[in-house]
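Undergrad: Letter by letter, the chains look like this.
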Amino acid sequence: MNNKKIDFKGIALKSSDIKEKKVLTTSWKPNLQYAWDNGVAISRYFKELKNGKIIAKKCNKCGRIMIPPRMFCELCFRPTDEWVYVKDTGVINTFSISYVHWDASRIKEGEKPFIPAVIEIDGASEGMGILHVLGEVDPEDVKSGMRVKAVWKLPEERIGAITDIKYFKPE
Amino acid sequence: MGMRRVAIVGAGMTKFVRRAQETGKELAFEAAKMALDSCELTLKDVDCVSLGTAPDAFDGVHMKGEYLSDGAGGWRKPVMRPYVGGGTGVFNAIHGWFHVASGLFDVCLVVAEEKMSSCYPHPAGAFLTIFDHTTEQPLKPNLIWIFALEMRRYMETYGISHKDIALVSVKNKKNAMDNPCAQIPEEITVEDVLNSEVLADPVHRLDISPTTDGAAALVLVSEHLAKKITDKPVWLDGVGWNVDTAYWATRDLSYPKYVEKAARMAYDMAGIKEPSKEIQVAEPYDPFDYKELHHMEGLQLCGKGEAPRLIAEGVTARDGNLPTCPSGGLLGVGNPIAASGAMKICEIFWQLRGEAGKRQVPGKPKVGLAQAWGDLMQVGTVVVMRV
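The listed protein sequences correspond, in order, to chains A and B. Quick note, the first sequence lines up with residues 47 to 217 if you use my numbering. Quick note, the second sequence lines up with residues 89 to 475 if you use my numbering.
All the pointers check out, no bait thrown in.
Covered by chain B, per the in silico footprint, the following chain A stretches (three or more residues, Cβ under 8 Å):
1. 143–151
2. 174–183
3. 196–209
Calculated from the structure, these hints are not laboratory results. Because the structure is a prediction, the values reported are computed rather than measured. All residues carry an ideal CB built from backbone N, CA and C; glycine is no exception.
Okay, chain B solo, but in the shape it has when bound (with noise of 0.2 Å):
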């Protein structure tokens, strides 16, 4: 394809707090520098910078990608913002390896970010102006509307329980308590989750993710500079995108094709035949409990409406043959919304160094996965990575 291989060599990323008193930039500049500092590069060995972040109405800073663009180790050198909502923490990645794979730049910082406490009451208010501002906005949608519909459709498709379901949030808030950023790290029951308060059915409370401040940062080179950087390079093998309609109530929401399509991007270009044997250990996107096991179903891991006896059976636990969120997910470690998905980057390159700590999975992975998604519902975003 005429395309350099690319490596992440470092990473780095902030705790995961509901309200830092650092402001978005600090939180970039911490990410960024931690993400250097663990390849012992500077700022000076930087050819450019991808920076992801989603709503500017979170911070109510118009521009906000310049404005933080010092924090994120901008400063004269070429700088891109891609923004896919929710799926950007990804697709920055995704861009860095373009900038790499290109031939056009040997090292890309890629740094994502989120402060969303800074929209008051609360940051689900700027995402009413998500939906069509003619024929949805009127019926004053909050966005936890559009999950209820689609986990309904899900489960009423597949004949799956709340009670299945409510599981995945067991799992990733247990993991979150081995992870020294995690914002909500709990050991839950399945009851806690069915019995706490029900926002819109089947929506609970325990069921989602949290607003959240923080910053993730990674550190992209071309092949031969990987090799003497570092002993334990992370490939980025396969990249994959895709994007559905947005006339979101015309599709069928059991199952989500666009992440399909995304994964068989990626997989394709690593080489990758049976998704299902040959990951190793993978962060599906999980801003609610539910969307790990449709993304499950989506990245080709298992058959449709599959996912929910892999994790009952335990094969998705830290120990299972297939961990997923190992991390501890969005939902024990917090979901700032563009920096999440490149949390969940920075914890497959731990995970297959062998770096993770107390939330080291099994086994020696050599082939991990990452997912974001977001958008209006309509956006898959994944990286394929190897040792």
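One chain only, chain A, in its complex shape (with noise of 0.2 Å):
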């Protein structure tokens, strides 16, 4: 067999074809919604968010402060330990510059891009970041290893959620 005397099949769509029906579809827009339980290490984590506070979850047996927190221990399998407040301040491990909304169409004229990092999360064990994004710089000052702080919501709009933290700025 030699790919030259192959017929591959596929039949390539132009977006007019659909437009002008000269091949037919069919749409369906769904309706569909959830509601996510938070879990237990999740709920406390919001909570404390609410209150304005970062908590992380240790094992003993690792030594690990992890954020997010987390029941069991993934590397030593076992439940995890005792609850670790740890700071709101942090260091901008990654980062990107985006000009995307989620479902990838792009940011309109006037928008600011997007700027979410990984934050290594003081007071947690080395390495442990978490996403979110920056706000109150330029995109082009922010840099790698940059210290970064909290910016929290007024405490009656907080709602226990990721977003009580509207975003991180250099310290």
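Put the complex together from the two separate chains, hints included.
TA: Set out below in structure tokens:
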């Protein structure tokens, strides 16, 4: 068998084929909704965020202070031990400057780009990072290794969610 | 180990296109039929089917494995659907290997399919739900974010420039010009990549593979049948897979340790001691250009941070010492998620048999490797193939 002799199958469609109804399609717009339980560890994590604090959980076997907190240590495979408050400051491990929304649509004219980052939180074990976004900073000024601090929503606006921290800004 | 040796004796694939008129089931049929025809077997000869297809969310068809099974030759047969996101294409062949190596079956039809175009305005939207639903999804992440974060970590750890990385996109899209199934074969320059639209810095438009509809299939058989069916069996001599933590922000993003573990498992099984010398042609997973380099390092094809030098020196060109992605890769042929890894195995199958036409790498290679990668940037799947 040689690739040259093969008539590979697969009919490529153009957008115009669909718009001009040269081929028929069927559409459906599902209206599905979900309400996720936050679980044991993240419920406490979020309750503390509502109070303006970040909490982690420690495994006394490997000694790791883990964030996000978890009820079991995935390395030692045993229940974790005490809750440990960590700081609301940290270091940028890596970051991006994003011009796309979650659905791949582009940001609008005048809309600021998102700056997602992995932030290693002070007080947690080395390398323990969380995903969040940066604010109050020009994209061109962001650098890996930069120290940042959480900017919290007002207490009455907090609902117990990761977004109770509006963003992190340079310390 | 008590396992039987397993051979690939047939391969097939469809063209990879942005939007196919065919349904997923029809695409699966075309690839499966081509694979069976290529080794002159019929569905009657098939003992079992391994069917790989990625998120149901793309199709909006729940339990799409069952929906696709008729097109994959699954009628009244033992059918299994493995799924590890983008790693599925190679993982699925590993499942086919289990079926035959275990002695349970002699002939396994391995079919991988993806139809991403049904999900609109863009299938990227379906990826939102792979992020943790409580701690990450409320931040509205785009899938590209995690690639951008990983790419920057990789670049900064080893002092790699975007220019170094863009060479991969240039090479693979050019290789794809010789592939009759390719979706975006193109002759482009490093400057074209650097000047293309910034999506999530450092990731630009031309750093990324497209979304694709397509299917690919393989026929796996036991050793005693292989020699009756063909005088050119390609042996599946090593398989490996590994998964890292889903707490991805706590991992060392500069190096894919889980790919190393998957590769070492496959190399040990295949008796490969020095992969950088013994692997003669490779299809590392390249959904983004930096991923080909990142994966070459995880696969032990070079040291950490050294992959950019290999591509710059032409080592990974089609006529180099270690050609990578001679098919054109995902960057050039297209990226129908679960079918992408299967396409890579098809390519190594054709390369080792000397049947790759204009894409044929010189030197009659005897040992090749295909790799896929996926889940939440945490799974590596690897096969080592030999003639």
